[in-house]
Amino acid sequence: MRRVAATLPLLLGWLAAPALALPQNDAESQYVGDEACARCHPSQAQSFRRTGMARSMAPPAVADPLGEFRQTASVPGLSGVSYRSAVRDGRFYQETLRDNTVLESHEVLYGIGSGRHGRSYVVARGDSLFLAPLSYYAPRAAWDLSPGYSTGAYRDFLRPVTVSCLFCHAGLPPVTGSANHYMQPPFRALAISCERCHGPGEAHVKLPSAGIINPAKLAGGFRDDVCYQCHLGGDIRILKPGRTELDFRPGARLDDVVAIFSVPPSVKPDGLDAVGQAGQLRMSRCSKSSQGRLGCITCHDPHAEPSGPAAAAFYRGRCQQCHEKHPCAAPARRRNATSPPDNCVACHMPKSPLNRIAHIAHTNHRIFRRPEEALDPSLASAAGFDLVYENGRSPQAEADLRSRALAYSEAARGLPAFTGRAFRLLEDALKGDQRNAELTAAYGLVLRGAGADRARQSAEFLERAVEYGSRSGEVRLALCEVLASSGQTERAVPQCRSAIELAPYDPAAYLPLIRLHLRQGDKDDAAALLLQLREFDPANPALPELVRQAREGK
2 MRRVAATLPL
12 LLGWLAAPAL
22 ALPQNDAESQ
32 YVGDEACARC
42 HPSQAQSFRR
52 TGMARSMAPP
62 AVADPLGEFR
72 QTASVPGLSG
82 VSYRSAVRDG
92 RFYQETLRDN
102 TVLESHEVLY
112 GIGSGRHGRS
122 YVVARGDSLF
132 LAPLSYYAPR
142 AAWDLSPGYS
152 TGAYRDFLRP
162 VTVSCLFCHA
172 GLPPVTGSAN
182 HYMQPPFRAL
192 AISCERCHGP
202 GEAHVKLPSA
212 GIINPAKLAG
222 GFRDDVCYQC
232 HLGGDIRILK
242 PGRTELDFRP
252 GARLDDVVAI
262 FSVPPSVKPD
272 GLDAVGQAGQ
282 LRMSRCSKSS
292 QGRLGCITCH
302 DPHAEPSGPA
312 AAAFYRGRCQ
322 QCHEKHPCAA
332 PARRRNATSP
342 PDNCVACHMP
352 KSPLNRIAHI
362 AHTNHRIFRR
372 PEEALDPSLA
382 SAAGFDLVYE
392 NGRSPQAEAD
402 LRSRALAYSE
412 AARGLPAFTG
422 RAFRLLEDAL
432 KGDQRNAELT
442 AAYGLVLRGA
452 GADRARQSAE
462 FLERAVEYGS
472 RSGEVRLALC
482 EVLASSGQTE
492 RAVPQCRSAI
502 ELAPYDPAAY
512 LPLIRLHLRQ
522 GDKDDAAALL
532 LQLREFDPAN
542 PALPELVRQA
552 REGK
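In this note's numbering, the protein residues as written are 2 to 555.
The hints are all genuine.
Here are the simulated distance ranges between beta carbons:
hint, residue 1, residue 2, range
1, Arg-425, Gln-533, 40 to 48 Å
2, Pro-66, Ala-154, 28 to 36 Å
3, Ser-290, Pro-417, 38 to 46 Å
4, Asp-401, Ser-80, 41 to 49 Å
5, Leu-402, Ser-80, 39 to 47 Å
6, Leu-208, Gln-533, 48 to 56 Å
7, Asp-257, Leu-104, 43 to 51 Å
8, Ala-330, Val-63, 46 to 54 Å
9, Ser-395, Gln-489, 48 to 56 Å
10, Gln-322, Leu-208, 34 to 42 Å
11, Pro-341, Gln-31, 43 to 51 Å
In silico DSS-like pairs for lysine-lysine, Cα to Cα no more than 25 Å straight-line:
hint, residue 1, residue 2
12, Lys-326, Lys-289
13, Lys-218, Lys-207
14, Lys-289, Lys-218
15, Lys-269, Lys-352
16, Lys-432, Lys-241
17, Lys-289, Lys-352
Read the hints as simulated data drawn from the structure, not as lab findings.
None of these values were measured; they are calculated from a predicted model.
Positions of the beta carbon are idealized from the N, C-alpha and C atoms, including for glycine.
My request is simple: use the sequences and hints to build the entire structure.
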């Protein structure tokens with residue numbers, strides 16, 4: 002309780018914060034690591050190490066308090082396989098089995114997640130990282146399928162761990178330039194570090210008077226962007242030209258690096274959250290009435306995480322900063338019925354299921370006046386059929402044409418309702434940049450999803466995208482499949498081979514090429530590809546039939 006109380010002055014900083022943004026960190030300043038920060042800020046560093054962010058990623062360990070690896074566990078998967086976690090000779094593994102026979106086994110290198118809600122795991126193939134099929138869910142103290150695996154969207158060890166995934170869990174993963182390929186070692190810092198919120202510390206360490214970013218002293222939009230870099234996930238993230246996720250630095254505008262969009266709740270498929278926590282907070286009366294003063298760090302201190310009765314008292318104190326003159330109108334008997342008693346969060350921000358991740362619940366940040374309203378998901382939804390631009394510089398801001406065109410084209414691939422809008426925006430964007438590889442590829446991919454009668458046009462745009470310099474394996478695979486479906490085998494084969502070079506562990510890149518070779522009677526080429534596919538994807542359900550065809554020469 003004493004430690005929590007000591008952090009109140011830090012949290013109250015927003016009340017006195019100037020309505021100006023501090024300058025961005027020197028673009029040449031380098032990251033120095035938490036140890037350099039801890040030398041001058043030992044108390045903050047020690048407190049931060051106990052937070053979930055500081056435990057966002059770590060190597061697995063039997064002694065971890067979560068205790069997930071202390072016994073072998075087996076979970077049934079789809080397509081007749083099961084997955085097993087195991088410990089052998091002090092190392093940690095996950096395996097795919099069929100009929101009690103191990104088809105593949107991979108050493109677990111990293112655990113993603115603090116363990117408060119659960120943890121997922123990462124394995125490596127060469128310089129590529131993949132998500133393991135089993136995750137551990139702390140609320141149930143049990144292993145189960147990883148996110149996306151129970152729906153069949155992913156299987157086995159084939160879900161790529163991309164920079165977009167690691168950006169919010171790891172400390173600055175350096176990427177080599179495509180898909181999920183990483184430099185070795187892949188991380189300069191495993192877990193979220195001081196510099197993710199305060200910016201690179203080299204200049205400050207060399208000359209303390211040079212200062213460093215303090216998010217509490219940033220103007221509202223700049224302050225919130227520090228949190229939004231990870232906590233405003235959205236459904237679609239469009240990087241600005243020449244940018245990567247790692248280009249954002251505290252004190253800068255997030256929308257200069259990435260434009261974040263959400264699919265409106267009215268058209269979202271089942272299983273997707275209607276509105277994220279950042280969006281819920283912005284919809285709340287508390288946020289609107291504060292005129293930009295209320296932000297994430299108004300209630301959350303990144304350096305400390307109170308729990309139990311101390312947390313209830315702490316957050317009640319935060320509420321009372323605004324509600325001291327107008328206290329809660331609920332009778333004392335009702336307030337004291339919460340656990341712990343008089344817990345504002347329990348009534349006004351109850352936990353609701355997080356649909357994207359099984360077994361997990363999160364806090365409703367809509368801050369409803371009446372608890373019964375907070376449990377009605379329809380009240381957290383907004384009607385409409387336009388993508389929501391989440392990180393604009395004002396509620397009325399509109400994203401640039403390129404970002405909107407790419408966002409709608411991505412949405413259209415899963416939700417046909419957006420196809421017409423995607424075409425119009427892409428056409429407008431291409432008028433000003435006719436040789437843009439990314440826009441051209443997006444147009445070709447939307448054409449491909451618009452029906453068989455658009456296949457010829459789709460191939461034309463996809464070929465142009467490759468000509469203009471696209472390095473996308475998805476584009477080459479789509480072009481291969483479009484050409485193959487129209488009988489243009491000779492043109493399709495090199496595109497499939499290029500797709501394999503760009504994504505050597507993606508079975509989707511192998512299957513059409515194997516079928517093309519079988520169709521042409523190239524039995525040896527088909528057999529060689531089948532061996533490669535079986536090597537990294539032994540449980541692929543298409544393998545038995547393709548092997549049979551290769552043996553029979555069909």
